[in-house]
Every structure is written in C-alpha cells, then in structure tokens.
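*Asks:* Just so you know, the protein sequences line up as chains A and B, in that order.
Residue numbers for the first sequence follow UniProt numbering, beginning at 1 and rising by one.
Residue numbers for the second sequence follow UniProt numbering, beginning at 1 and rising by one.
Watch out, some of these pointers could steer you wrong.
No distinction is drawn between identical chains; accordingly, a pair holds when it is met within one copy or between any pair of copies.
Heads up, simulated SDA-like pairs for lysine to any residue below, C-alpha to C-alpha not over 25 Å straight-line [as the list claims (entries may be wrong)]:
hint, residue 1, residue 2
1, Lys8, Glu173
2, Lys347, Asp295
3, Lys8, Gly64
4, Lys8, Tyr403
5, Lys8, Asp414
6, Lys528, Val516
7, Lys131, Tyr105
8, Lys373, Gln6
9, Lys347, His38
10, Lys131, Tyr541
11, Lys8, Val375
12, Lys8, Arg177
13, Lys347, Asp301
14, Lys533, Pro276
15, Lys8, Glu176
16, Lys347, Asp266
17, Lys533, Gln6
18, Lys347, Ala324
19, Lys347, Pro212
20, Lys443, His474
21, Lys347, Glu297
22, Lys443, Gln284
23, Lys131, Pro153
24, Lys373, Lys508
25, Lys347, Thr302
26, Lys476, Asp151
27, Lys8, Gln382
28, Lys373, Asn41
Keep in mind the hints are simulated off the structure, nothing from the lab.
Protein chains: 2
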Amino acid sequence: MQGLMQDKPLLISSLIEHAATFHPEQEIVSRSIEGPIHRTNYRRIAHRAKQVANVLNELGVEFGDRVGTLAWNTWRHMELYFGVSGSGAVLHTVNPRLFPEQVEYILNHAEDKVLFFDISFASLVEKLVPKLKSIEHFVALTDRAHMPEVDIPGLLCYEDLVEGASVEYDWPEFDERTASSLCYTSGTTGNPKGVLYSHRSTVLHSLMAMAPDAFNVSVRSTLLLVVPMFHANAWGMPYVAAMVGAKMVLPGEHLDGEHLYPLMRDERVTFSQAVPTVWLMFFQYLDAHPELDLDKELCIDTIGIGGSAPPRAMVRRLETQLGAQVIQGWGMTETSPLGVVNRPLPKHDDLDRDGLDELKVKQGRGIWGVHIKIVNDEGEPQPWDGVHSGHLYIRGPWIASGYFRAEGGGVLDDEGYFPTGDIATLDPDGYLQLVDRAKDVIKSGGEWISSMDLENAAFSHPGVAEAAVIAIPHEKWQERPLMVVVKRAGAQVDEDEIMAHLAERVVKWWLPDDIVFVDELPHTATGKLLKTKLREQFAGYRPRREAVRS
Amino acid sequence: MQGLMQDKPLLISSLIEHAATFHPEQEIVSRSIEGPIHRTNYRRIAHRAKQVANVLNELGVEFGDRVGTLAWNTWRHMELYFGVSGSGAVLHTVNPRLFPEQVEYILNHAEDKVLFFDISFASLVEKLVPKLKSIEHFVALTDRAHMPEVDIPGLLCYEDLVEGASVEYDWPEFDERTASSLCYTSGTTGNPKGVLYSHRSTVLHSLMAMAPDAFNVSVRSTLLLVVPMFHANAWGMPYVAAMVGAKMVLPGEHLDGEHLYPLMRDERVTFSQAVPTVWLMFFQYLDAHPELDLDKELCIDTIGIGGSAPPRAMVRRLETQLGAQVIQGWGMTETSPLGVVNRPLPKHDDLDRDGLDELKVKQGRGIWGVHIKIVNDEGEPQPWDGVHSGHLYIRGPWIASGYFRAEGGGVLDDEGYFPTGDIATLDPDGYLQLVDRAKDVIKSGGEWISSMDLENAAFSHPGVAEAAVIAIPHEKWQERPLMVVVKRAGAQVDEDEIMAHLAERVVKWWLPDDIVFVDELPHTATGKLLKTKLREQFAGYRPRREAVRS
Ligand SMILES: Nc1ncnc2c1ncn2[C@@H]1O[C@H](COP(=O)(O)OP(=O)(O)OP(=O)(O)O)[C@@H](O)[C@H]1O
Ligand SMILES: Nc1ncnc2c1ncn2[C@@H]1O[C@H](COP(=O)(O)OP(=O)(O)OP(=O)(O)O)[C@@H](O)[C@H]1O
Ligand SMILES: [Mg+2]
Ligand SMILES: [Mg+2]
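This is chain A alone, in the form it adopts within the complex (with noise of 0.2 Å):
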C-alpha cells in the first residue's frame, strides 16, 4: 500500500525558488573575476537562473545535454548552478587547475555542448579549441566591456546573453533521479572519472549538510565558499545556502590569505570551508600581518577542513587563534561529497587541547544517510577498535553507483558498497581515522606502513615544508618506505635530524629506508601530492641504507 503523500520530485530548482521566495535580498557577494566586488541576491540569481535556462534553450541545449564550466566562485557561477541543472541540463563542473591535456579529455568525454569560462582562462580555452569535439556554443563570464581578446570562433558573451533572454521561465518537473551535475575525480591515479549526481542525491545531500551534527548551516550563517565549485559541487554549499538563504561570499580567483582575509573581515563570516592547503596560505598572511586584531576584526565561528587530513597544529591554530571550531570531514567527488564529519560528542565536553587535538584530527563520524564499512584484503569486516584498519566502503543515497560511461566498469561490491579506495580504523564511538590511500600504503612484510602517518610525522617537524613517502620494492620485504622531503625556506635540517623526529614518533620498522631532499613535489590540480608523478620520478632509486626492518 502506498502512502497518500503528494509526489513532489527533489528538484534543484526549488532550492533557489525557495531563496528567492523566503529569501530574496539575501546578499551574494563576489570578488569578480574582473576586479571589483559584486553584490547581488537570491532573487536576481533566481531571476537570472531563469534567464540562463532561455539562454540555453536558445543554443540548442536539450534535456540531458551537459553544459561545461571553467569557472571560479562567483555568481555567475551560481546562476549556472541553478540555471543549467534547473532546466535538466547536466552542469559539468570542470577543474581548471588540471594539466590542460586533462580538461581536454575532460570536456570531450562528457562531451559538452556548451562551455561558459571565466575570462582568466580565455587563453587556456583558446588554445584547446581545436582539439574539443563537442563544443557548439563557447561563452566568456563577463560583459561586453571585458570580453577576452583571443581567437575562439562564435565567441559568445555571458552578460548580453543573459540581459537579452527573457525572464518567463517555468523550472520543468521531472523524475528526481535525472542526472543534475557531473564532476570529475582530481585524478591522483590516470584520468579522472566522472561522477554524474542526480537532483534527489543532491537535495538529499543539501538536508543532511545543513543538519547540526554536520556544517550546522542556517540563514544565519554567512559562508565565504573557499572550495571551488568545480570541486565536488563545492561540498554541496551553493545548494545548502539557497536550502536555507543563508548569506554567500565568493572569492573569486584568489585565494590566498591577502584576499581572503578582507572579506572575512568586511562581510562578517561566520562559516569558511576549504583545503588544508587553503589554511597554510591564511597562516602566512597572519604570521606576515602581526598587527591584525583578529579577535575584534573576525567573527568566523565554524571553519570546514576536508580534501586531505589536515596536521594537528593546524586545527590547534585555527581553533586558538581564530577562536572558530574546526570541524573536518572526509568525502570523496564520489561521496557527494559528506562522508563522514567530526563533531565532538557531549562527552568530549571536558576534553582539554590536546585531547581535542587528537580528536579532531580524526576525520569523522557517519550521519544518516551513509552507511561505512572496514573490511580486510578478504573482505571480513573489521572490528570498530579505532586498531583493525581495513578498506573503507560506503553506501548510501549520495554515494556514486558508478562512473559517467561506465569507465572503471561495475565499482559496487555485492551488498552494494562503494569501494572508497582508502584504508581507515573505526573507534568504539564511530570516528573514522584514515590510515591512508590503498594503493599509497606501504606493504612491508605483509604489514602495512602508513605513508599519511609518516608524511605527519615529517610535518611535525618544523623544519619540513612538506614530505611525500612511497613504495620502493624490496626484495626481502616487498616494499619499503623512501621520503621524499621539501625543506622550509631557509631551513637548515638533514636526514639523521628527520629520522630521529621520526623516531620519537613511529614505530622502529616503519622508519624509511631513505630520506631524499627535493626542491618541489608534485601536486594534482586540488593540491593533493602526486605520487603516480613521484613514483615514476623514483622508479629504480635505490635507498642508500638497510632496511631498518632487517
């Protein structure tokens, strides 16, 4: 027997109509790709929304079609958020800090129709046209005054688009399980691979994000929104703000502490979201700006970590000095992205700072929604010890089934979980710990070596700007650990310095064979290390001692 409830679709478009009607002059400001700071509302973005999907109507895009984006936050970029996937297009969110041979295999194989960019990467689309095969309509984020000078055939201009297309637009209602967004992995392994989300997981991912026990976003929250909206969705922010009319800042190009720090400060932000990388960069500013009063100049209260595991000083920092509380997450592209969040429990209450510490370098505990497994190499669950680790799966109704055209094949396992590709300990209250990525950890003797826990361990040390571990074969012990490690500006720091610091802080077995001082280290385009790069750089080293484990 069914319910005798209405049969109202989870549809992106009642996101930005619910803003719009309970929300209207709610603020969205921008630092615009062209300069100055823009402000506008939920009611002209609604308002405008409308006049993109006329705009797309217009350019032969149909139900399905995907419509590219090479583009900052902004809210241009918010209104194709609304517009593209309101009118049943798919919004292709497109990374343009990817190596250009990818975004051209991007583009091709989600083969978009269309492509807005932002005029920083004018040239960068210049240079690709000749090789993308599906592009009819290529259309630069501005207005006429600022349109790029390059050589793309048809050029077509956002703002006269726009302003020329009516605003009469009733949003479409269709099945909620339509494709809504597509969005590619940051590619740490190959090409990265399309994750295609639909309007239902993406609403449903909106209501749980907004939860309490998770980011806690409300209308009165205002968010400055450091995570590219090219990166999963932007962790679902842009819809959770029109969810509940929650206030926007967009940064634009820039992300660095110097133009961050203004806006935080001038649009009284209470909630940011990014990176850790994103966090080093704002520390710099603050240690090269002693002067500022942060205390009486910010209201930040709630900062979001999540992409790669932020160090333990860092959360120290940001909660002593910002006065905000970190919360971390883990997700994944393929998780929508909330997987999992860290919030303390009411027992955790009496905690003191580096029992917090501890805490909150762990990457979370499961809402509703989203259901996790460890399991070891012959898929046995393992026990929630915060000690067994195991494969992480997942499942749930934001959790990806499958890539865009099949690639990679059926992902599922056979109670229909997702195979994160990452290996994590559960503790007894359910706080997942990353111990690292499956195909990163180290497999030495037939145990396993973090090289997450190693790389901290490095970090923590002060004169370590940054460190990568990978797998040199071995052929007593299959693999072993090789450091690769960037010294601090003007650090002065050697190998048996590290590996004493590493001593104190892991077991005997686990201390690298070697430790290898490099200028730079390669990164994907969302500043994760890249260690397929590293690996090749590193094939055939051979470390210049025993291993220790011998």
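Assemble the complex: chain A is given as a structure, and chain B with the ligands must be docked to it using the hints.
*Replies:* Then chain B with the ligands, alone, in the frame of chain A:
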C-alpha cells in the same frame, strides 16, 4: 539521462539503524505507565524493534496491514514506531482521548489487525471489543506482573511476546512511497479523517525538522516529548531523535507540571514541544511552587509550541521566566505536521521584548520543501503584505494528497495544493499569521471577523480563563459574533468589563453582539475548542443587544 547515484530508498528502519550504530548508548528515559522511571537506549530499542517485527510476523500481520496503538509516550511506543513501520506494516496511532465512539469508528475504519494498548486504556478497550470488526489480536503494553484484569479474549502480553521473539531480523527494503503510518485528524468537524504517511514523507520531514532553522535537533539535544505520539507522529520527533541520536525523555501518561517538572530537571532537558494547554498547566505548577529555583534547576533552551495559537503572554513568560527560546510552528495532521516555523531572522536581533512578542505570536515562515499560498474566495492569490488574508493552501513532499479510503474525495486544487481550511495573512518577510479557521470565521456584511483574534483579546483579560467566539445568524449582516466565556476561578468580571476590554483591542464592528458566561467549554480530544458542539448548544440563541455594526 539518470544520475549515477545509489538508489537507496528512504526508509524509517534506516533511522533506528543509524541510532543503534552511532549512538547505541544514548538514553531513552520514560515514566512508565506502571509507575517507575524506565531507562533504555537506542541499541536496545533497535533490538526490540526487530523483535516486534518478528512478533507481528507470528501474529499474521502482512505488508501494508494496519497495526493500532492506544498508547502514551513511552519506550514501548518507540519500539512500535520502528518495529511496525520498519517491517512494512502501517503504524496506526489512535488518540485515546477521543470519544469512545470515535475510537471505535477509527479502529474499524482503518481495519486494524492488531491493537497494542497501554494498561490505562484496558477498560476502554474491553468495552470496545464487541464493536471492533477487524482486530484479531489485542496486546497489553506491559509485563506479565501488570497484566490488567479485563475480559478481552486471548489478550496478549507485550513483554512476553517481545522477549520471546528472535532478535534476528533484516529490515526489508521496499519502495519508499510505501505507507508507513496512519493518523486521524483531531475531529473539530465530524469524524476524524485518516492521513496516510509514507516512508519517504517521514524521512524528508525528519531531515527538515532537524534543520537549524526549524527545530535544530542534534545529538546534544535532550528532548522531553510532551506532544503525544498519537498526535501527528509527535510532530515527527521520534524519527528526528533517532536520526541524530538525541536523548529522549518520554513522560508517559501524566502531562501536568507536577510530573513534567522533575523530568525536565533531573534529565537535563534542553528542548520540549507541546500544545499551549500543556504550558498553561506548567505555569499553574510554577505558580504553586514559587520556591523553585528555575535558573539553577533547569537547562531548557528551546520550547516548541503548535497545534493552536499560544497567547502572547505565554510566549513572553516562557522566554523570560525559563530563559528558553520559544519556537512556534504551524501544522496539521495532514502536513506531517511541519508547515511553517517561527524563528527570528538576523534582522530581528535588535527587537525589544514587545517587538519579540509581536513577532513570536505569528505562526512562522515557510521552510524548504513547503510551498504556500493564500487565495481569496475566488481563488486569486493574495499579496504578502501582512494585511490581505486568504485561504491557506500548501504543497510539498510531506503534505497529504488525500485521505485514507478517499474520505472527502479529491482534495487538492488544480495546482496540486492542499486546502488547509485555515485563513491567514503572509507578511513581506514570509511570516504567516493565522486569522482563523475558514469554518470559524464570522462573515459579517461581506467582511471577515476573526473568532481567534476576538478570543485572544478576551483571553488577555485576567478574569478570563477561556473564551470561544462563534457566528450566530443575523438578518442584515448574515452573521454576527457571539462570545462564550469561562471565568477564571474566583474572578469577578462581567459583560461590560470584557466588552470595554475588547473595545480597546479590536475595531468596533467586531465587538460581539453578546457575551455569555458558562462553566466550561466543549473540547476535542487534543484540547482544542469544539465549536461544532458549541454551535449546537447555542443554536437559535438571540443576542441581548443590537449588532454594533448597525
Ligand atoms: N579529511 C580528509 N583527510 C584525509 N584525506 C581525505 C580527507 N577528505 C578526503 N580525503 C582524500 O581525498 C579523496 C577524495 O578526493 P577526490 O574525490 O577529490 O579525488 P582524488 O581521490 O584525490 O582523485 P582520484 O580519485 O581521481 O584519484 C579521498 O578518497 C581521501 O583519500
Ligand atoms: N501554531 C498554531 N496556531 C494556531 N492554530 C494552529 C497552529 N498549529 C495548528 N493550528 C490549527 O490546528 C489545525 C491542525 O490540527 P489537527 O490536524 O490536529 O486537527 P484539527 O484540524 O484540529 O481537526 P480536524 O481536521 O479533524 O477538524 C490547523 O489547521 C490550525 O487550524
Ligand atoms: Mg578518488
Ligand atoms: Mg484539520
């Protein structure tokens, strides 16, 4: 094109499973019907819900069968909430305070197969047994030692059944639109009508109810659930609590201050929801116990009120004396029940006490998922100006599309909106304010007089315990208001005094043609004025003076 996201149905079983996995030790504290305080936790509730599912199976309950409850808020009722719906049967919560004929009507109308009842209703059930047509098994919600001595053939004992059942049970997976529970309206006109919720509507409603801008429920909340679990699913709170793992305090049978206060104090309650009548009783208790040190003893920070309009003085007293934030909500059995919620916006932060009172007597603003409109008698949308009133219509995924067994026929309008039967204004910020029920409003000379406003105006007189206003026919003006008043115990107040009091608060032509004093007013089972009864009582009544209107 469909998204590539996992197709997990939204099911009620996922709520209790989440709580059992991530909050196994969180407490559910109940005042048992047998007397003592009872403590359990989510792990055990989840366990026993599975045992309930096995019991239902043994009793021959099949997918979609209705299972009735006549029960107060206790842990056993929680077990039934999850055990019955989780297994695919329909939980039918019956209001035991209805007139026995209504209880009989409802049980037969729903064709319940099994009835679980609290021992306090044993003799009610005993009397009904001969008239009940579909019930095959009666189960007393108690243990062997407390089985009531009644003549109910084959009466079963809940604890015997549950403890004897296997805990092995896998929650079945099925279409999320499957009916999950059934609840009848309060019956202010004729027989109550059945509202049939689905798993989908229940889960979506829970996600929204827990949001920061709605009831803001988290693992840090301790919920004293005074709204009965037979009244619109206790405003959805049993589901929300499980979704976040909140501690619950279930007060059982006695809802007066004498019983609620110690629970609030001893269990460190932070949040409680109840209809205005309950808070009136609570005040009586506080008045009788001036020695209580509320600041020291209580930590309640949020009070939810709905079901009928809280008088302004009540809001003020709760906020000033208890230091809690009052969150009014408007809803109906037909709306799951969350329709609008009253939280101040950031721009209200500077309001003084009078301004706050003014704001907080409004019913609230729309939340995501709910679309509302007000239309005049001709169906034309009315402006959101806080002045124009209209019939309130509502649409959304947790709003009824019709009644059980098509009672009342097709009810939605041609845009798919549900007619609430309420008349309201909407102000420019989207705050809804009820004017009256359409059937209670007095239509005088083509204009409306709000019986609700008149009642509130009378209620603000210290000598008035309760007041009801109904229409009486008038030759010239079609209808004129008649006010019926119950004096406060010991109060000396007469018609002239009340009339003078009213004259300061409403326009002259609204003044009732007569004020009649009575000893008590008729109420529905949920404590609402039963105006149908009052109209019968005063049929043919002739007012003692001329309509002021003339
Ligand atoms: N809080 C966190 N701490 C540590 N690692 C994290 C955290 N959050 C995410 N990660 C890592 O990031 C991964 C998800 O990143 P993303 O989806 O952006 O692409 P990627 O996995 O880096 O790229 P690709 O899948 O193409 O190799 C996770 O699998 C995990 O390894
Ligand atoms: N906050 C509130 N302020 C004023 N009235 C309210 C409020 N919340 C709910 N109501 C009233 O309660 C009604 C919903 O009540 P409920 O579903 O319990 O049954 P009922 O309408 O009283 O009974 P029936 O539909 O059988 O006549 C609303 O239509 C509205 O008139
Ligand atoms: Mg990945
Ligand atoms: Mg009603």
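*Asks:* It remains to establish, for every hint, whether it holds in the given structure.
*Replies:* Tested hints:
Taking the shortest alpha-carbon separations for Lys8 and Glu173, both the intra-copy value of 9 Å and the inter-copy value of 21 Å come in at or below 25 Å. For the identical chains of this complex, Lys347 and Asp295 are inter-copy neighbours only, at 23 Å across copies versus 28 Å inside a copy, given an alpha-carbon limit of 25 Å. Within a single copy, Lys8 and Gly64 get their C-alpha atoms as close as 20 Å, and across copies as close as 22 Å, so both meet the 25 Å cut-off. Taking CA atoms no more than 25 Å apart as the test, Lys8 paired with Tyr403 passes between copies only; the shortest distance there is 17 Å, against 27 Å inside one copy.
Proximity of Lys8 to Asp414 under the C-alpha cut-off of 25 Å is restricted to the inter-copy arrangement: shortest distance 14 Å between copies versus 32 Å within a copy. Proximity of Lys528 and Val516 under a CA criterion of 25 Å is satisfied intra-copy only: 19 Å inside one chain copy versus 78 Å between copies. Taking CA atoms no more than 25 Å apart as the test, Lys131 paired with Tyr105 passes inside one copy only; the shortest distance there is 9 Å, against 73 Å between copies. Only between protomers do Lys373 and Gln6 lie at most 25 Å apart by alpha-carbon distance; the minimum there is 16 Å, versus 35 Å within a single protomer.
In this homomeric assembly, Lys347 and His38 come within 25 Å of each other (Cα to Cα) only across copies, at 22 Å, whereas the closest approach inside a single copy is 44 Å. Taking the shortest Cα distances, Lys131 and Tyr541 never come within 25 Å of each other, neither inside one copy (37 Å) nor across copies (88 Å). Only between protomers do Lys8 and Val375 lie at most 25 Å apart by alpha-carbon distance; the minimum there is 22 Å, versus 38 Å within a single protomer. For the identical chains of this complex, Lys8 and Arg177 are neighbours both inside a copy (12 Å) and across copies (11 Å), given an alpha-carbon limit of 25 Å.
For the homomeric pair Lys347 and Asp301, the shortest alpha-carbon distances inside one copy (21 Å) and between copies (19 Å) are both at most 25 Å. Proximity of Lys533 and Pro276 under a CA criterion of 25 Å is satisfied intra-copy only: 21 Å inside one chain copy versus 67 Å between copies. For a Cα distance limit of 25 Å, the shortest separation of Lys8 from Glu176 qualifies both inside one copy, at 9 Å, and across copies, at 13 Å. Only between protomers do Lys347 and Asp266 lie at most 25 Å apart by alpha-carbon distance; the minimum there is 18 Å, versus 36 Å within a single protomer.
In this homomeric assembly, Lys533 and Gln6 never come within 25 Å of each other (Cα to Cα): the closest approach is 53 Å inside a single copy and 33 Å across copies. Both within a single protomer and between protomers do Lys347 and Ala324 lie at most 25 Å apart by alpha-carbon distance, with minima of 20 Å and 23 Å respectively. In the homo-oligomer, the alpha carbons of Lys347 and Pro212 lie at most 25 Å apart both inside one protomer (17 Å) and across protomers (22 Å), since each shortest distance falls under that limit. In this assembly of identical chains, the alpha carbons of Lys443 and His474 lie at most 25 Å apart only when taken from the same copy (10 Å versus 92 Å across copies).
In this assembly of identical chains, Lys347 and Glu297 lie within 25 Å of each other by CA distance solely across copies; the values are 21 Å between and 32 Å within a copy. Taking CA atoms no more than 25 Å apart as the test, Lys443 paired with Gln284 passes in neither setting, with 36 Å inside one copy and 70 Å between copies. In this assembly of identical chains, the alpha carbons of Lys131 and Pro153 lie at most 25 Å apart only when taken from the same copy (13 Å versus 82 Å across copies). For the identical chains of this complex, Lys373 and Lys508 are neighbours neither inside a copy (30 Å) nor across copies (69 Å), given an alpha-carbon limit of 25 Å.
For the homomeric pair Lys347 and Thr302, the shortest alpha-carbon distances inside one copy (20 Å) and between copies (21 Å) are both at most 25 Å. Taking CA atoms no more than 25 Å apart as the test, Lys476 paired with Asp151 passes in neither setting, with 58 Å inside one copy and 80 Å between copies. Within a single copy, Lys8 and Gln382 get their C-alpha atoms only as close as 40 Å, which misses the 25 Å cut-off; across copies the closest is 24 Å, which meets it. For the identical chains of this complex, Lys373 and Asn41 are inter-copy neighbours only, at 23 Å across copies versus 42 Å inside a copy, given an alpha-carbon limit of 25 Å.
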